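Those protein sequences? They're chains A and B, same order as listed. In terms of our numbering, the first sequence opens at residue 101 and continues consecutively. In terms of our numbering, the second sequence opens at residue 2 and continues consecutively.
These are calculated hints, taken from the structure and not from any lab test. This one's a predicted model, so the numbers in the text were calculated from it and none came from an experiment. For every residue, glycine included, the Cβ atom is placed at its ideal position computed from N, Cα and C. Mixed in with the good hints, there may be bad ones.
Claimed, not checked - Distance ranges between label pairs, derived from CB positions:
hint : chain 1 : residue 1 : chain 2 : residue 2 : range
1    : A       : Phe-147   : B       : Pro-111   : 50 to 56 angstroms
2    : A       : Ser-110   : B       : Gly-68    : 23 to 29 angstroms
3    : A       : Trp-116   : B       : Glu-61    : 35 to 41 angstroms
4    : A       : Asn-367   : B       : Ile-114   : 50 to 56 angstroms
5    : A       : Pro-344   : B       : Gly-11    : 45 to 51 angstroms
6    : A       : Arg-330   : B       : Arg-135   : 23 to 29 angstroms
Unchecked claim - Only pairs whose alpha carbons sit at most 30 angstroms apart, straight line, appear in this in silico DSSO-like list of lysine-lysine:
hint : chain 1 : residue 1 : chain 2 : residue 2
7    : B       : Lys-134   : A       : Lys-128
8    : B       : Lys-134   : A       : Lys-124
9    : B       : Lys-134   : B       : Lys-185
10   : B       : Lys-116   : A       : Lys-128
11   : B       : Lys-73    : B       : Lys-8
12   : A       : Lys-149   : A       : Lys-356
13   : B       : Lys-268   : B       : Lys-240
14   : B       : Lys-268   : B       : Lys-256
15   : B       : Lys-134   : B       : Lys-116
16   : B       : Lys-216   : B       : Lys-268
17   : B       : Lys-117   : A       : Lys-128
18   : B       : Lys-116   : A       : Lys-124
19   : A       : Lys-128   : B       : Lys-132
20   : B       : Lys-8     : B       : Lys-185
21   : B       : Lys-227   : B       : Lys-216
22   : B       : Lys-117   : A       : Lys-125
23   : B       : Lys-117   : B       : Lys-185
24   : B       : Lys-116   : B       : Lys-132
25   : B       : Lys-73    : B       : Lys-216
26   : A       : Lys-125   : B       : Lys-132
27   : B       : Lys-132   : A       : Lys-124
28   : B       : Lys-116   : A       : Lys-125
29   : B       : Lys-117   : B       : Lys-134
30   : B       : Lys-216   : B       : Lys-31
31   : B       : Lys-134   : A       : Lys-125
32   : B       : Lys-8     : B       : Lys-216
33   : B       : Lys-117   : A       : Lys-124
34   : B       : Lys-256   : B       : Lys-58
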Amino acid sequence: MSRANEYHPSMLRGLWALTVRELKKWLKEPIILMMAVLQPVIWMGFFGKAMNLNEMFSANSLTNIKIPDAVPIPGNYVIPPVNGVVYVSGAWISQMLQQMFSDIGTSVMQNTFGVADYFSYMAVGMISMIVMFTTMFSGMSIVWDRRLGFLDKVLSTPVSRAAIILSKMLNAALRAMFQATIILALAVLLGLKVSATFTPLNLLGIYAAVFLLSMGLSALFLALALRSTRQETQMAIVNLINMPLMFASNTFFPIKMMPEWIQAIANVNPVSYLTDALRQLTVFSLDISALITDFIYLGVFAAVLSIIGVVLSWRYLTK
Amino acid sequence: MSEEVIKAEGLTKVFNKSLVAVDHINFSVKSGEIFGFLGPNGAGKTTTINMLITVLKPTEGKASVLGYDIVKQANDVRKVIGVVPQEYTADEDLTGYENIMLCADLYGIPREIAKKRALELLELVELVQFKDKRVETYSGGMRRRLELACGLINRPKVLFLDEPTLGLDVQTRAATWSYIRKLKEEYGMTLFMTTHYLEEADALCDRIAIIDHGKIIALGAPSELKDSLGGDIITISIKENADVSELIRSVEHVKDVRNENGSYRIKAESGEVTAPLIIEALRRKGYTVTRLSLTEPTLNEVYLEYTGRAIRDAEESKEAFRAQRITLRRARAR
Numbered sequence: 101m102s103r104a105n106e107y108h109p110s111m112l113r114g115l116w117a118l119t120v121r122e123l124k125k126w127l128k129e130p131i132i133l134m135m136a137v138l139q140p141v142i143w144m145g146f147f148g149k150a151m152n153l154n155e156m157f158s159a160n161s162l163t164n165i166k167i168p169d170a171v172p173i174p175g176n177y178v179i180p181p182v183n184g185v186v187y188v189s190g191a192w193i194s195q196m197l198q199q200m201f202s203d204i205g206t207s208v209m210q211n212t213f214g215v216a217d218y219f220s221y222m223a224v225g226m227i228s229m230i231v232m233f234t235t236m237f238s239g240m241s242i243v244w245d246r247r248l249g250f251l252d253k254v255l256s257t258p259v260s261r262a263a264i265i266l267s268k269m270l271n272a273a274l275r276a277m278f279q280a281t282i283i284l285a286l287a288v289l290l291g292l293k294v295s296a297t298f299t300p301l302n303l304l305g306i307y308a309a310v311f312l313l314s315m316g317l318s319a320l321f322l323a324l325a326l327r328s329t330r331q332e333t334q335m336a337i338v339n340l341i342n343m344p345l346m347f348a349s350n351t352f353f354p355i356k357m358m359p360e361w362i363q364a365i366a367n368v369n370p371v372s373y374l375t376d377a378l379r380q381l382t383v384f385s386l387d388i389s390a391l392i393t394d395f396i397y398l399g400v401f402a403a404v405l406s407i408i409g410v411v412l413s414w415r416y417l418t419k
Numbered sequence: 002m003s004e005e006v007i008k009a010e011g012l013t014k015v016f017n018k019s020l021v022a023v024d025h026i027n028f029s030v031k032s033g034e035i036f037g038f039l040g041p042n043g044a045g046k047t048t049t050i051n052m053l054i055t056v057l058k059p060t061e062g063k064a065s066v067l068g069y070d071i072v073k074q075a076n077d078v079r080k081v082i083g084v085v086p087q088e089y090t091a092d093e094d095l096t097g098y099e100n101i102m103l104c105a106d107l108y109g110i111p112r113e114i115a116k117k118r119a120l121e122l123l124e125l126v127e128l129v130q131f132k133d134k135r136v137e138t139y140s141g142g143m144r145r146r147l148e149l150a151c152g153l154i155n156r157p158k159v160l161f162l163d164e165p166t167l168g169l170d171v172q173t174r175a176a177t178w179s180y181i182r183k184l185k186e187e188y189g190m191t192l193f194m195t196t197h198y199l200e201e202a203d204a205l206c207d208r209i210a211i212i213d214h215g216k217i218i219a220l221g222a223p224s225e226l227k228d229s230l231g232g233d234i235i236t237i238s239i240k241e242n243a244d245v246s247e248l249i250r251s252v253e254h255v256k257d258v259r260n261e262n263g264s265y266r267i268k269a270e271s272g273e274v275t276a277p278l279i280i281e282a283l284r285r286k287g288y289t290v291t292r293l294s295l296t297e298p299t300l301n302e303v304y305l306e307y308t309g310r311a312i313r314d315a316e317e318s319k320e321a322f323r324a325q326r327i328t329l330r331r332a333r334a335r
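From just these sequences and the hints, can you work out the full model?
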């Protein structure tokens, strides 16, 4: 009789059970999953396509420049001078200018964004965006569990406290990985150009990078939500964090063009490292040392925040 | 096994350094009994239960469940208790069976044992035919039964029930009571429950503690508490126009008589024995009794006596209120 109660709830068993619960929830409502992808897709489709920077820097931008039919050039600029004056065809100069500008444009795009078209640049950034939005919901869901009483019930069982928070993190990561796949597929359909160094194996790298940032960020949002009972507060906090996190990163624009104070933020912002890793693996020609740096940063970020999250959950899940 | 299954000494919980939810309470629960906490919403019942089930840490004082300290040996406590919370905590997107299996996983019960036991429990609460339906399709009574089944999956020695019939209609409430009694008999558990329904405390509990503003103000078996009021109330009218108060007072067991415009309100021990004696005494003196009624004191009168007011909702936290609203809404959804 007394032996019957001596179960040894293992951390992994509890973690798995709680994760499966969350997965079952979203598999039963796939619509919600699709809705979450909608926002980055809208950004990608409208902003990414409308903000046509490479077109801006193309020869077409010069079509309205007025160049006279014939341009007189003072003789001392031409050697040798003929009757003091030479005539050059205006059409030719126009053509030359257009050609030069187009070359300059391509080079500006390549030097600024690392790719020839802005769409390919920002579409990859949208994967970072979905990671941010998905992880912020993990904080929300623990508040919801608390309000429904589910959290208290789980806390009254001998399941490991760490399993409670890790299951939420794992769920966010799996969700983000799934959504990243959809976004990437849509981006390719909309005209994303992968670089020559891309191989299908890179996909594994993409998943790994998305997984690491998701674990880190969701640990952060969960830690902030551990004792919260109001979703409104949580929502406000999340918005306060997410917008700067997104704009002070290379999600939309390269860091090197930003004012120094934003650069300072962007350079420690883990989102920048995820976005860079993703671009290295897709649209950039792969710079292996940059990729390694990205992964080290993401790995450390994920490890440190997961540990903080778990430690805080031991202390603060129980009021 | 120790006689005292739950023991609380000076148990106190203060929220935000100022709101004293539970104020130095002492009580013990004996093995095998149903012990009830009775009081209005906001009296500190749920806070007490949450401390005992290790979800809240006490600010002061200590308590133990089956000898395990609720703070220092929290994990040992969690293994031997079952909890049926006030809210419907089952996941609406999962089926009843999936919910029970989730609970089993949290307790680390081996899968094979869990499967057998889950079916057995679903049978007991008569949910077998709905086991593969999503919980969102369940009625309030079905949800409550599912919570009961979940709370029993680890064969707990002590079961905690927080407002087990909140928001249920009268019939479903009575049915839930019979499930609770059946479960107790089946598994021989000790039960600790809270309620703000007087009739529920009366019908189910072996002993109750009346709690108000975080303090226990009375403790005992429902019948003891009622007896402590001094017995039953007999109301008598006579045909003749005379004051017979003194005559009635002389009858054995009568404790108090009040003449209220020709009808006499009599407080007496064991009213069913005393009433005939009063009639007899009156008749012997030539008076004719025209009307008689006998009421046993209810817990309502007990409650009135100790708190000075009828049971009603006290001021409480918004959070608790909101949680209760959700429960009520779900209970009434279908």
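Taking the hints in turn, this is what the structure says about them:
The supplied range of 50 to 56 angstroms is met by Phe-147 of chain A and Pro-111 of chain B, whose beta-carbon atoms lie about 54 angstroms from each other. In this structure, Ser-110 of chain A and Gly-68 of chain B meet the distance hint of 23 to 29 angstroms, their C-beta atoms being roughly 25 angstroms apart. In this structure the supplied range 35 to 41 angstroms holds for Trp-116 of chain A paired with Glu-61 of chain B, their Cβ-Cβ distance being about 38 angstroms. For Asn-367 of chain A paired with Ile-114 of chain B, a C-beta distance near 55 angstroms keeps the hint of 50 to 56 angstroms intact.
Between Pro-344 of chain A and Gly-11 of chain B the CB atoms are about 49 angstroms apart, so this pair conforms to the stated range of 45 to 51 angstroms. At about 28 angstroms, the CB distance of Arg-330 of chain A to Arg-135 of chain B agrees with the hint of 23 to 29 angstroms. Between Lys-134 of chain B and Lys-128 of chain A the CA atoms are separated by roughly 13 angstroms; this keeps the pair inside 30 angstroms, and the hint holds. Between the alpha carbons of Lys-134 of chain B and Lys-124 of chain A the distance comes to roughly 14 angstroms, so the proposed pair stays at or under 30 angstroms and holds.
Restraint check for Lys-134 of chain B and Lys-185 of chain B: the C-alpha separation of about 27 angstroms stays at or below 30 angstroms, so the hint holds. Taking the CA atoms of Lys-116 of chain B and Lys-128 of chain A, the gap is near 23 angstroms; set against the 30 angstroms cutoff, the hint holds. Distance hint between Lys-73 of chain B and Lys-8 of chain B is fulfilled; the C-alpha atoms sit about 15 angstroms from each other, no more than 30 angstroms. For the proposed pair Lys-149 of chain A and Lys-356 of chain A, the alpha carbon gap of about 23 angstroms is at most 30 angstroms, so the pair holds.
Between Lys-268 of chain B and Lys-240 of chain B, the direct Cα distance comes to roughly 21 angstroms. Compliance with the 30 angstroms bound is thereby established for this hinted pair. Of the pairs offered as hints, the one joining Lys-268 of chain B and Lys-256 of chain B holds, with about 6 angstroms between alpha carbons and a cut-off of 30 angstroms not exceeded. Proposed proximity of Lys-134 of chain B and Lys-116 of chain B is supported: the alpha carbons are some 17 angstroms apart, at most 30 angstroms. For the proposed pair Lys-216 of chain B and Lys-268 of chain B, the alpha carbon gap of about 29 angstroms is at most 30 angstroms, so the pair holds.
At most 30 angstroms may separate the alpha-carbon atoms for a hinted pair to count; Lys-117 of chain B and Lys-128 of chain A meet this at roughly 26 angstroms. The straight-line distance between the Cα atoms of Lys-116 of chain B and Lys-124 of chain A is roughly 19 angstroms, inside the 30 angstroms bound, and the hint therefore holds. Between Lys-128 of chain A and Lys-132 of chain B the alpha-carbon distance is near 17 angstroms, which keeps this suggested pair within the 30 angstroms criterion. For the given pair, Lys-8 of chain B sits about 20 angstroms from Lys-185 of chain B by alpha-carbon distance, which is consistent with the 30 angstroms threshold.
This hinted pair checks out: Lys-227 of chain B and Lys-216 of chain B have alpha carbons roughly 20 angstroms apart, not beyond 30 angstroms. Taking the CA atoms of Lys-117 of chain B and Lys-125 of chain A, the gap is about 25 angstroms. The hint holds against a cut of 30 angstroms. Of the supplied pair hints, the one linking Lys-117 of chain B and Lys-185 of chain B holds, its CA atoms being roughly 20 angstroms apart against a limit of 30 angstroms. Only pairs whose Cα atoms come within 30 angstroms are accepted, and Lys-116 of chain B paired with Lys-132 of chain B is accepted, the gap being roughly 12 angstroms.
Between the alpha carbons of Lys-73 of chain B and Lys-216 of chain B the distance comes to roughly 24 angstroms, so the proposed pair stays at or under 30 angstroms and holds. Between Lys-125 of chain A and Lys-132 of chain B the CA atoms are separated by roughly 17 angstroms; this keeps the pair inside 30 angstroms, and the hint holds. Between Lys-132 of chain B and Lys-124 of chain A, the direct Cα distance comes to roughly 16 angstroms. Compliance with the 30 angstroms bound is thereby established for this hinted pair. Of the pairs offered as hints, the one joining Lys-116 of chain B and Lys-125 of chain A holds, with about 21 angstroms between alpha carbons and a cut-off of 30 angstroms not exceeded.
Distance restraint check for Lys-117 of chain B and Lys-134 of chain B: the Cα-Cα separation of roughly 19 angstroms lies within the 30 angstroms cut-off, and the hinted pair is therefore satisfied. Only pairs whose Cα atoms come within 30 angstroms are accepted, and Lys-216 of chain B paired with Lys-31 of chain B is accepted, the gap being roughly 20 angstroms. For the hint linking Lys-134 of chain B to Lys-125 of chain A, the alpha-carbon distance of about 14 angstroms falls within 30 angstroms, and the restraint holds. Straight-line distance between C-alpha atoms of Lys-8 of chain B and Lys-216 of chain B comes to about 16 angstroms, which keeps the hinted pair within the 30 angstroms bound.
Straight-line distance between C-alpha atoms of Lys-117 of chain B and Lys-124 of chain A comes to about 23 angstroms, which keeps the hinted pair within the 30 angstroms bound. For a cut-off of 30 angstroms, the pair hint linking Lys-256 of chain B to Lys-58 of chain B is broken: about 47 angstroms separates their Cα positions.
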